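Engineer: Sequence:
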Amino acid sequence: MKQKVSNNTSNKEKDKNKIKENGKINVKEVQNKLDEDVVIMSCNSSNNLNLPIIDLKFSDSCFAALLDTGANVSLIQPSALEKIKEQNKVTFVSRSVRIHTLNNNTLPYHSAVNIKFRIGNKCFSNLFFVTQTNWSSKYSIILGYDFIQKNCIVLDIPNQKILIEKQSFGFYEDAPRNSSPSLSADTESSQVRLVNNVTILPNSSRILKLKISDSFTNEKNVVYFPSCNADISINESIHNVDNSGNIITIVENNTSNKITLRKNSKLGPVHSTTDFIFRDSNDFDEEPNEILQVNSLTADEITTLRREELNADDFNLEHLNETEKNEILKLLMQNFKVFSKSYQTLGCTDAITPEFKLLHNFPIQTKPYPIPKIAHDFAKHEIQKLLEAGIIEPSTSNYSFPIIFVKKKSDSKKLKFRMVVDYRLLNCVTESFKICLPKIADILHEISGKKWYSVLDLKSAFFQIKLMNSDKQKLAFCSELGNFQPTRLPFGSKNSTSYFHLLISKCLDDLEGPNIQFFLDDIIIAANSISEMNTRLQLVFDRLAKFNLTLDPNKIQICKTNITYLGFNISANGYAPSEDNIKKVTKFPVPQNVKQFSLILA
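Numbered per the UniProt record's numbering, the sequence shown finishes at 602, counting up by one with no gaps.
Keep in mind that the hints were calculated from the coordinates and are not lab data. Careful, some of the hints might be misleading.
[What the hints assert, rightly or not] Derived lysine-lysine pairs resembling DSSO-like cross-links, with alpha carbons at most 30 Å apart:
1) K258 <-> K341
2) K407 <-> K166
3) K494 <-> K439
4) K258 <-> K494
5) K89 <-> K166
6) K472 <-> K506
7) K341 <-> K357
8) K451 <-> K330
It should be emphasised that the depicted structure is a prediction, and the values quoted were computed from it without experimental measurement.
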């Protein structure tokens, strides 16, 4: 029903007289009014009614925001967030958020962030959910009822103002100059169409084959911008165009109902890659564009070494048939840049910067522990390799902490050790940097039930994070072989785990979800087909390469139907404790006294 709004007072009075004659309601006239073609409200700029759009100021930037009493939460576009992060601190509260709606559907968001901003001269801080795609509108931000209620904001619609305490601000029709621009390309002629009918089961994903228009068939690569839809999720992405003029992508069903996409459905436009200057939208301030040179080797030499180090025998693919094995092996060898077998070719990133704040500035020194004879040769060779790779350097710091050697689990008879610095004393005077690690039970529940699994293990994980020069001397260590200090994040220091988790969160960011999860340096990927697994592996490899992070080829598990992860066996049937963990419990010695019993309870 539409409703015409008239400003003519005399006409209104005539209508009232027709409807009410001799004190009685004229039913016929009421029905005539109900049958009229009406416009209750128009968002068109030619209409006199304005949406409550106001300016939000973030340092020197200004963005248009809609005050929406019908939105329970506040939203922000990814493009607006990227611009805001350039000058403002953004606190990430959560990642891969999913919100349940009243009709039991789920709306996915990239993340939830806290941002400070100003309206006029008043300062605010609010939680925003980052949408997966940009929307085309006059405003880049929606301030929902959560913000309106918390700050007791009054919308004075007749006077087109909002009231915040004793101050009033007018809202307007036109977006400010700095609001996020939308693409001006002819989207109709660039729309992709679905090649076949596709049915997507509830809360699951499918691979889509999309046909691009004839005007793009000569393009080798295109940028795909999927249409916005609350029920399904498709990520913006760059695609190779095959010989038939098709591209491949993945769609996720966010609802608890089965969804069918019809053949020839339009699912959004593509654009030529030449139209864009690409910049990653991950949650870090400066993008690591090249391999950081931390030793005497150049970036090109490191890349060459990674290619030469890697060979097909490094991967255990015997559980696959010949076709599957060749397909996966080709993918792995093509991505040699994300694999490392030595310290010299280890990845290195400054996407996050660990900071070690001490409670006092008095240097702490400790005496070195004696190196056991059985580990002496290992210690000498290990320190030499770390020096050559630039992971440690000679030190004259007033701080020094001892090193210890921990036996590593090994299938061979030869003893293997891990060299660790005893930072317990330093940890006592280091300020905490706390971050919530994901619950293992939540990860298992999210990822289980798929057909194929892969687990990726980062090589010497902490050593891939670069330290600030000011913190190197605080982490210096001593031994009978000399005094040294790390140039990378060491194992055993307080907050190392938190910083590493933060790095992987930034690295995987929007990829994390029901099919890609991680716990510290172990990334697990789930899929229902080999081709689906290939696509997701490539997504993760691309993100690792962008951050210059490397995996251990000897430790990864690729395309298994039953896989061990975090002490649990995961398969299409769900998850259960691994046999090794069950044996540890069933074969645990029966306690003979109170002390032994208390150890079990602990």
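Engineer: Confirm or reject each hint.
Structural biologist: Tested hints:
no.	hint	in the structure
1	K258 <-> K341	violated (45 Å)
2	K407 <-> K166	violated (68 Å)
3	K494 <-> K439	holds (20 Å)
4	K258 <-> K494	violated (47 Å)
5	K89 <-> K166	holds (28 Å)
6	K472 <-> K506	holds (24 Å)
7	K341 <-> K357	violated (33 Å)
8	K451 <-> K330	holds (21 Å)
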